[in-house]
Amino acid sequence: GQQVMQIPQYQHVQEGEDFTTYCNSSTTLSNIQWYKQRPGGHPVFLIQLVKSGEVKKQKRLTFQFGEAKKNSSLHITATQTTDVGTYFCAGNPGTYKYIFGTGTRLKVLA
Amino acid sequence: DAGVIQSPRHEVTEMGQEVTLRCKPISGHDYLFWYRQTMMRGLELLIYFNNNVPIDDSGMPEDRFSAKMPNASFSTLKIQPSEPRDSAVYFCASSASGRETQYFGPGTRLLVL
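Protein chains in written order, with our numbering: chain A, 1 to 110; chain B, 1 to 113.
Think of the hints as simulated: they come from the structure by calculation, not from any bench.
Source: prediction; values computed, not measured.
Virtual Cβ for every residue (Gly too), placed ideally from N, Cα, C.
Check each hint, because a few of them may be wrong.
[Said to hold, decoys possible] No farther apart than 30 Å at their CA atoms in a straight line, the calculated lysine-lysine pairs in the DSS-like style are these:
#, chain 1, residue 1, chain 2, residue 2
1, A, K97, B, K24
2, A, K36, B, K68
3, A, K36, B, K24
[As the list claims (entries may be wrong)] Stretch by stretch, here's where chain B covers chain A in the computed footprint (C-beta under 8 Å, at least three residues):
#, stretch
4, 38-44
5, 90-100
The whole structure should be built from the sequences, with the hints applied where relevant.
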């Protein structure tokens, strides 16, 4: 079946360091979304990417959608303790059924 | 807007009991999704509705699980009989259209003993 994998599974960084999580789909995606889930919380929408090669920025966060629309990445510059949480990508293969990635749990050490 | 509302927030029950989880989507949203989250399996889509009609229930684990959406402002997910392996966090989410932002509720933390 369709799968969306994320790496790494866990990442511990010192505050101020950069962080990147990668998302890979087994099939071509129509679009991809990114969510953040704080410990004990629920997923919260961050952004949606639709176009091949698309790059979007939100302050310290940079999101990319691969040319083949099968992979994506989220890069955080100069992490802060408020960035702690699990980051999920969610791929849409062309239906309305999003397939969530396995998630990357980020811990920021002060 | 109150966002997506789920109840109960926590549920502890014994194996074999019936469990009913409830969800009120954001007003005006046409799509409603039920997800289950566990450490082992991550976030899994169980079923989704469009305009109150179930569209894809291929994620429902087995016949013990059923979901309904009798109207645009209410949905239920029922487990009967419940088993310890059903212990998880169950999220409901809604969206204005199927490919737009999904707004998640706070989740129901279910523990089956």
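Now for the hints, and whether the structure bears them out:
no.	hint	result
1	K97/A - K24/B	20 Å, holds
2	K36/A - K68/B	28 Å, holds
3	K36/A - K24/B	22 Å, holds
4	38-44	holds (count 4)
5	90-100	holds (count 8)
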